[in-house]
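Protein chains in written order, with my numbering: chain A, 1 to 618; chain B, 619 to 861.
Note that these hints are calculated values from the structure, not bench results.
Computed spacing ranges between beta-carbons, pair by pair:
#1 B:LEU815 to A:GLU311: 38 to 44 Å
#2 B:PRO733 to A:GLN371: 37 to 43 Å
#3 A:THR488 to B:SER737: 33 to 39 Å
For every residue, glycine included, the Cβ atom is placed at its ideal position computed from N, Cα and C.
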Amino acid sequence: MSQQRKAIWEADLDEELQDVDLNLAIGSYGQNDLYNDGTRPASLANDVLNRPSTVQSRIDEATLVAVQQQMAQQAAFASIPDVVKRFIVHFHQAVLENNLAEITVAYESGWNRLTEKFYAKTEWPEAEVIAPLVNDDQIFLILYRELYYRHVYSRLQPDIDDRFHSYENSCELFNYLLNSDGPVPLQLPEQWLWDIIDEFIYQFQSFCTWRTKVKSKTDEELQLLGEGNQVWSSYSVLNVLYSLIQKSKINEHILALQEGKSTEEIAEIVGEYGVRPLYRMLGYFSIIGLLRVHSLLGDFTLALKVMENVELNQKSPFTRVTACHVTTYYYVGFCYIMLRRYSDAIRAFVSILNFILRMRQYHTRSYQYDQINKTADRMYALFAICNALSPSRLDDNIFNTAKERFGEQITKMSRGEEGIPAFEELFIYACPKFISANPPPYEDPELLQAYIDDPPVEPIQRHLSLFLSEVRAQVPVPTLRSFLKLYTSLDAKKLANFLDADEEEMVQQMMVMKQASRSISRVENGKGLLDGQTISTSDLDFVIDDNMVHIAESTVGRRYAGWFIRNTEHAQRVYDTIKSSPLPPRKVNVTQTQPAQAAPAPPRNAGAKVAWGGIKVA
Amino acid sequence: MVSASEWAAPPTRTELIENLVSGVDRYNPNNVGILEDYLYHQIRSQEYDCLANLAILKLYQFNPDLYNPDVVINILIKALTAYPFPDFNLCISLLDERPFPANPDEPDPLPSLLPVLTSLYNLLQQCRFPAFWALYRSDKAESLRDNYTVECVGFEDSVREVVIRAVTPAFKRIGTDRLSTYLDLSGDDLTAYIEKLGWSLDAESGVATLPLNPDNQIVSTVVQENIQLPQLTKIIAHTQTVA
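Isolated chain B (complex conformation) (with noise of 0.2 Å):
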């Protein structure tokens, strides 16, 4: 699992975007449009800044004006395929109350998109894979997949790196069966799938086998009390006092 510093400090985080992210420029309503090139980078080039992203929603909490409802649904794709990280909850904490609507002309696709996204998330954090898919395929989100995902390099692989996250900790031996439902994949798709991630499967019995890590490992430990000889200096220095 990724560990926390790399997701405060992605490596692909450029030093102006550091700058902008760490500095009081971030407040600056003009640096907005810097940040927002940054997301659409991170789209296209299947990178993620999860800090620099919800810069950008605080510019637009404090700037309602600035609010451009593109912007904040292709952060919560992204977020979304940051899970177990709660990246996706973070942004929402930051959409602040409906933004008065600025443009009468073009509706306001959030609104109507933000359920089917959160649903989407809870399902994840359930683990309840096949749903998520059988409702990414569906009409509700279709609208999501043909403006958004669509534009999203690899977002389906993504979700399938989440769904890997869970498995890999879980599992030590997985039926072909459950994992072509987890990962929408079946069939030779699957297998290249499998082979990419360098797990070996047995084709037979439909079984893959998974490496072992420090997770899938597990060992009944009795934690014992470790006496330190320091702890014990005082008496045994006392012992030496008394003649």
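Okay, chain A solo, but in the shape it has when bound (with noise of 0.2 Å):
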């Protein structure tokens, strides 16, 4: 559907454009004389909706730079080709009039395809520069900030300035939307939305990261950082993310819904900001978010409750946006493989890893499917740690693709103590990029130095280590079951001369590894992500009496209902449309049958049981 758009798309550029006086765009260039004085745009918080007013030039070196500046920009305008700054009036004529069909397109597949011709290597026009072509719409133009600073990052390196830049223009979006008097009359597909919200978190982790290496900054940089420590600092993120669930009340909406409110209850209980769809889609979509923030601070608890009244079905809101229902089963399951779930776990990974395969064949625009396969070959990974933590025999399918790609890794982690290294490797290629909350104190040049000398362990190696440390309690587990899986009844001490242990300590693993069989795990009428009983992971069960052991083994005895099922109605399918179709004509003319009585020679046996009156009859 989305070729059919792009068609014409591209047929009726030219004709729709034509009413859109080119000249006038940039003739008013002229006028916007005044605003241009001395001053550059504004692109502070504050100034969002005042344009200022006349601003005399008082100094004549003032004048001299503002023309310099006007030259300047003159020749970076002249320099952006035609079809970028027609592209660009269109947006901005389909934000104006909340056409979300066409700003869909212009946003979803124009907006890539110009990238991609023009600016690969480049930086977009800043927003300055074409400001002339959508009238100094402030609005656009931090909507337009926003994908200008998102192809820096994604494409470019950001260098500090680029980074206090954006954190400064996400601050005027959130500042518009939370703070103007009422909700906004703007319209957006929920694409941009998910992504509004990604790209801050991203770019709040690219950040935290960056802040950490201390050696490599410039003085320049060190000052700035040391100044501007308020720049994306959890605090903020987080206000800017709970702010928005609150202002649109989406978990009220949630339980609302749930309970089975009408629409006007609805309505009653959101408020004017939650019952416009864009409010709502960004509340929805900061819970996620919040999920998000939460793990890569290493909070997994909270991240989990954050998200206690989502659900997570295929009905669930956060599926409309493929990217988000990715990456939130992405984030559901690590968080509960730290907190030692590794069934939950599973389930999480094995759904939406088959979702994915379904869905390869339809979504295969550029920048996102690289993205979700790359999220999916992490979570193949992960889906691999928890099988060899807790096998179990949920899916076959999705078992021999991690095979596939990491089946070198699988066979070392089921081999107990070497097994670790491959834990670990997997464990560091899957996790989130972990940050950590607070800066390196670049406010005090003493205490900078003292951490440059003794720097403190990455966040990505303490949770590396803690998890380590759950693999190392489990490392027995895997002989013993193979052992186990020998016998029914067996002396504790013939137990330990077969594995060269010592009795007392192999007593003890066995308790280790009957508590690994046992774990948290949701069931059906459980509420929340963090609720859940205790159930059996394991197969293999066993029991000690004094000195006896005693084993159990469970299986599954062979399935064969929905192959019977399928191939049985298969078989129907194939009687009914036998039966149902025409029958051949009747051959009435008798010496007419001869060469055809000849043709059918050879199938003549399998024609005999059909009823061919015609030959028959002759």
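Dock the two chains into a complex; use the hints.
Here it is as structure tokens:
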């Protein structure tokens, strides 16, 4: 469908925009002289909707600088290709008119196409340069800058100015959304809304990682960082997400939906902000955003707790944006791993990996596809880890794919102590990019030096060591399993001899194994992701009777019902088709049957069963 | 075993704490006092509330100047007794990189005690109970014992509960010698403890019998397929339509 749209877009572009007077757009630049006198167009938090009134140029120098700026900008403006100019104008029109369909097309295909064509290695023109095309519409410029910085972060290397400015821009955007008088009359496609939140968190994460690399900073950067320690602070990021949730009353909304309230009641509950889809979806995506931020900061229980009203099934709103869907399951699964709830994690990964396999054919739009595939790969690694720690026979399909990809590590992981490097490798590959909440002490040069001399452990190493301690505790389990599988009852001393271990140690290892086979898992009626009951996850069970070990193994009987039913229905379908198809025409003319007889001679036997009345009569 | 919903919301939690833990106020540094008081309440009355303690650690994560090593050590001690829940590791996840020394006069006891606590936890993870008691009673843990666990009411009993939680599913009958090494009790203390648990003790052969529970009764099961009638409706209905 997007193919079709692309064509329409391309075909009609010239005709559609005939009526937009490009000359007028460029010509008005001259009128904007007043705005550009000595002041750069404001991009700071406060002057969102105020247009500076006529500023008189007082000093000649200021005028000169302004004129120089104008010339630079005009040059930059002239170098923008016409296609891009038209696109920007069209985009702006669509945003002004709240034409959701047009915005979606422009956002999803137009922007990406033009990036590929003109700006694959450079930045898009700055917002100030294209400002005249959109009549200095500040709202649109904020949105434009959002896209501009997203491009910089993904394709190019952002420098410290870019990082600071992108933060300011995000603040402006959220300020506009949250602190205007009443809800704003803007409509944006859901994909974009998710991308805003996603990108915001990504830039935060990127900044935190960059911030901890103290040694490579220039003096100027050090100074800027020392002064600006509110920029990209954890509290402000969390503040944004929580504010969006509170403004849109999304939690109350979800609860009301679950209780089956009517639309009027819901509208009353959520207030004027919550009824608008823009705020509702932003609130919803902020919940997922909080899940992600808490996981990055290492607080896994809180991450699952904020999701307590969101149901993990195919009907939830987050499935409407694929990237959001995949991200949610990834973080939920990862949190379960750190909470040692491996069966829950496996269940989450299996469902999302199946989903990705099914929808792969529909989503080949380049940038999203790559991202989703990368996340899917990491989830296969996490699935392999979980399976090694808590073997279950849930989904052979996924397990086979995981084996293809990580077969080497999987074999190593089931070998106990030697497998620990394999666990480490997969964990580091697949875990989220953890961040630390606090910046290095840039304000204080002494402390900073101490920090450089003796840097603290990186968050990822910390979490890795915690995870490995859990793994190490379960190291004796696979060997024990393989021995216990062979017996129904066994003396403890004998088992100790087989394992070449001290009996007491072995008994302790068996207790570990028993505990490993019991874990908390969500059951059908449980609400919320933190709930659960203890279930048994292993098919091998044992009990120690003073010194005798009794073993019982559960097996799964052969499953034939599904296969049987499917094939029966298939046979029925074939039968129905044959029965209802028209019979071949009766051959009335006898002489004509002679050559007809010769032809079907080989399949004669088969033909005899079907009533070819004509031949028989002859 | 305690179900997860109790772990997430213990019945001993008051409404005030519940609002703090579930709402946005948990980020307010002024509320750290309330949560710390709640922690001391837990210590004194042998209760435990994991999420509230994690909230304290989160506040410390964002406001390093609030950092109070005694509180952290107490939280970790409490988390030790929650095994097999992964609380101890969750707490350590939230302990960010070394916080900047606010007070050079009072030395920070955490860095020296943390390895001891971690080893104790690892021993519990690996169910090495005799080694646990040995380490706990040794000199290395002396500072821990004298300053912290002595304040925590029923710490040793809580650890014994952890041991029992590990022993119950795995054993049908267990020798008293073995049990005494696990529990660090002997003679009359042991007998009294076993009776309190409700297990029956056979004094002559020195074997304690555990009550039957879902975990230590093993049955070899064959998971049979359960074909439901609705699955077959289509096939059966078809036979009706075919004349």
